[in-house]
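K.L.:
Let chain A serve as the given structure and place chain B on it in line with the hints.
2 protein chains.
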Amino acid sequence: MMELRYANTKLYFGLKAVERLRDHLNGFENVVLVTGKHSARLSGALKDVEEVLKDLEVEYKVFDEVVPNPTTEIADELAEIIWRDGYDCVIAIGGGSVIDTAKVSSVIALSGGRARDYLRGKRAKRYLPLIAVNLTHGTGSEIDRFAVLTEGREKIGISIRYPDVSFDDPKYTLTLPSCQAVYTTIDAFFHAYEAVTAKTTNPFVETLSCEVARIIGENLPKDQGLEEKTKLMYASMIAGMALDLSPAHIVHAIEHALSGINPKLPHGCGLALIGARAIYWIHKHCENSAKILRCLTGREVRLAEEAEKAFRDFLMEVGFVERLGDYVGRDDFKEVERIVFGPLRYLISRVNFEFTREMLHDILENSL
Amino acid sequence: MMELRYANTKLYFGLKAVERLRDHLNGFENVVLVTGKHSARLSGALKDVEEVLKDLEVEYKVFDEVVPNPTTEIADELAEIIWRDGYDCVIAIGGGSVIDTAKVSSVIALSGGRARDYLRGKRAKRYLPLIAVNLTHGTGSEIDRFAVLTEGREKIGISIRYPDVSFDDPKYTLTLPSCQAVYTTIDAFFHAYEAVTAKTTNPFVETLSCEVARIIGENLPKDQGLEEKTKLMYASMIAGMALDLSPAHIVHAIEHALSGINPKLPHGCGLALIGARAIYWIHKHCENSAKILRCLTGREVRLAEEAEKAFRDFLMEVGFVERLGDYVGRDDFKEVERIVFGPLRYLISRVNFEFTREMLHDILENSL
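Residue numbers (this note's numbering), protein chains in the order written: chain A, 1 to 368; chain B, 1001 to 1368.
Hints in this document: simulated from the structure, not taken from any laboratory.
Built from N, CA and C at the ideal position, the CB exists for glycine as well.
Don't take each hint at face value.
[Unchecked claim] Distance condition first, Cα-Cα at most 25 Å in a straight line; then the derived BS3-like pairs of lysine-lysine: (1) B/Lys1061 <-> B/Lys1047; (2) A/Lys171 <-> A/Lys222; (3) B/Lys1199 <-> A/Lys16; (4) B/Lys1229 <-> A/Lys199.
[Said to hold, decoys possible] Far from chain B, some chain A residues (derived; all Cβ distances over 10 Å): (5) Leu4; (6) Glu19; (7) Lys37; (8) Leu53; (9) Pro68; (10) Gly112; (11) Glu154; (12) Asn202; (13) Asp326.
Just chain A, same shape as in the assembly (with noise of 0.2 Å):
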C-alpha cells in the first residue's frame, strides 16, 4: 500500500486501499454515494464501499444516475439531494465522470448557484468532504483539482476543487472493458503530453510525464493482468498530478468540442482519433514533444510527422482502428471551430505558439 499526500488529496494506492476508508468517516452520519450505472457494482467497489460504511454503522444512499459526459443538469440534480437531505460526505465511485460530478455538487450543495454558474467561474466558497474512488486508470481526477461538464453542447473544464481523500486500487480495473481500458489509457497519456508541451510545464511535471509515457509504452500494448494494471493506474494518477501542475490545452480542447457534440463518443476515444495529427502540430514548437514520444516509443522522433507516424503506430500496436469519421461528420467542424475558438479558446492559449484554425482542420480533416 502506497500512501501519499499531494495538495489537498490524501491518497492510498493499491490493492485493497479502500479497507483505509475506515479511518476517514469519523463524525458521519449519513453520506451518499455516488455512481454511473454499472461500473461500480460490477467491479465490486461499491461492495467494498458498502461493507466499510455498514460496519461503521454509517447512513448512505446510493446515487447511480451519472452517465459518461455528464451534464450540468445532472450534478444540480444531485447537489440538490445532497442539500436537502443534509449529506455530512460524497463519495464517489467511478471513473473522471463520477468524481467529475460529485466535485461540482460538493460544492454546489454548500456554496449554492448551479452548476453553470461555476462553469462561467463562480468561486467555491466551502464544499463538503469528497471521497473518491477511482475505478479507471485514465482519469486523474482523483488526484486533481478539475472537473469537466457538458451544458447544452459545450462540454467545460473547470479547476474546482480537489478530493479531500482518494482510493487507487488496481483489482476496480479489471473489469473494464478492452477498448475503455484503451480509451482511459490514451487520456492519462494525453495528460501527460499536453502538461509537458504547456507554457506552465516545469521540471517536476517532465519528471512525471516521461514516467507516464515510458509505464504505458511498456504495458499497454500487453495483456493486462493485475501486474500491467497497477502500472497502469499509477501512471494515470502520477499523469493526473502533471496535469493539476500544468493543465490540458489543445487535445483536450477539440476533444471536448467533439464529445459535447456527440456525447457517445468516450473521451478518451476522442483524444485517440485526433491525438496524432494533434501531435504533428505541437511537436513542430513543443521540445518536450520529441522526449515524451521517446518514452512512449522507444524511437527517435525528430520531424513532426515522424512523431504523427510514431503515434498512429503505438494506436495500431495497442488495437485501436477507430476513425474521427464513426462518431462525427465533415457537417460538424464548423460547430467545432466555433466551440474551440470561443467558449475553449482558454485553453488553446496555454501553450507558446499560436493555435490556429487551419491547424484545427487540418487536424480534423486528417482524422476522419
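P.N.:
Just chain B, lined up with the frame of chain A:
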C-alpha cells in the same frame, strides 16, 4: 518559476524565488532569521530576504550561530530566544543544519521542553510558522519532515515537522565550494538510494529516485554553471520527497554515528566515504539497487562487487578521493557499532534483511 505543494509545504523553485516571500509574511510583525556563519551572506540569500522584510517593514533579528552537525544546545538556545522575544515566524536560510535546527526550535518555542526530549520521542504539539530558504543541492530538508541534531556524541534524526513555505533558488548554490557541492549531492543521492532500497519503497519513490540518480549522474561530473546547479537542486528537492515517503537507513545510520564521533566530518562526505561498501551489502538484498545505479552510471550492474565498483568509479569521476581514515580510526569502530546498533537501531531495521555487526565492520574496514 515552479510552484509545488507537497505534504504541508508550499515550495517555490527557480531564480528569484525569494521574491515570493512577500506573499507569506502577512500579519507578521517580527521574525527571526536563522543562519550559519557564512553561506547565507556569501550566497546573497540573506540580503534578498532582508530586502523583502525591510520593504514590508517587518522587524527581524539574525541568529547566525548554527554550525554544521548542530547540537541540541544550539536548538534550545534559539528556541528560548524565539519564545522570550515572541517572534511570529522563523526564517531559516541555509542547508540542512540550519533548516533542521530551525524546525526543532520552532516546535520548542510553542510546545516547550528541550531538544533532547524530542530526539527521545516527545511529540510536537504546536509550532511557529517556518519558512526555509535552502542553500544546498543536497539536504531535502526544505521539503521533508526530518531534522537531525547531535547530543553529546550521538546524532539522531527525527520526524518533526515540514516547513510551511520553502524556496529553492539555484543561484544561491553557485557559491558552494566545489568539495561541498560534491558532498551535498552525494547526500541527495543517498536519500534517493536509501529511499528506494528501504522496506517502505513504493512506485512513486522509484519514479523520484531514478530521476534523482539520472540527473546527478549527468550533471555532477560536469563543471557546474547555473544550468547544472538548477538540475542538481531539483534532484535534491525530489530526493527530499522520496526520503520523506521512505526514510533512509544503513548508510545514514553509519554516517550519523561517524559524524557524531567527529563533528568535523561533513555529512555528505561521510556518506561518500562509506557509501561504496555499504552499497555492496544493500545491493545483495535489494533489487532496486541495480535500477538506481544504472540510472546514476549508465552501467548494468548485477553482482554486488560491480555495484560497489560502479559507485567507487563515480566518486573518482567527480573528484572525491578522501578516505574514512582521514576522519576516524579503527579505535572508533566499537563506538560506531554501539551507536548504530543502539540509539540508531530504528534506522537499520528499515531494510528487508538483517544488517549485522559483521557487515558494519566490513564496511568500515573497506572504507579506511
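K.L.:
A separate judgement is required for each hint: does it hold in the structure or not?
P.N.:
Going down the list of hints, with the structure as the test:
1. Taking the CA atoms of lysine 1061 of chain B and lysine 1047 of chain B, the gap is near 13 Å; set against the 25 Å cutoff, the hint holds.
2. For the given pair, lysine 171 of chain A sits about 17 Å from lysine 222 of chain A by alpha-carbon distance, which is consistent with the 25 Å threshold.
3. Our distance criterion of 25 Å between C-alpha atoms is met by lysine 1199 of chain B and lysine 16 of chain A, whose separation comes to about 19 Å.
4. Proposed proximity of lysine 1229 of chain B and lysine 199 of chain A is supported: the alpha carbons are some 23 Å apart, at most 25 Å.
5. Not every C-beta of chain B lies more than 10 Å from that of leucine 4 of chain A, the closest at about 6 Å, which undercuts listing it as non-interface.
6. Non-interface status of glutamate 19 of chain A relative to chain B is upheld: no Cβ of that chain comes within 10 Å, the nearest being about 17 Å off.
7. The beta carbon of lysine 37 of chain A is kept farther than 10 Å from every beta carbon of chain B, the shortest such distance being approximately 32 Å.
8. Look at leucine 53 of chain A: its CB is around 28 Å from the nearest CB on chain B, clear of 10 Å, so calling it non-interface holds up.
9. At the 10 Å boundary, the C-beta of proline 68 of chain A stays outside the reach of chain B, the nearest C-beta of that chain being 28 Å off.
10. Once the 10 Å rule is applied to beta carbons, glycine 112 of chain A is consistent with being away from chain B; the minimum gap is 28 Å.
11. Every C-beta of chain B lies more than 10 Å from that of glutamate 154 of chain A, the closest at about 30 Å, which supports listing it as non-interface.
12. The beta carbon of asparagine 202 of chain A sits about 4 Å from the closest Cβ of chain B, which is not more than 10 Å, so the claim that it is off the interface is violated.
13. Aspartate 326 of chain A, annotated as away from the interface, keeps every beta carbon of chain B farther than 10 Å; the closest lies near 36 Å.
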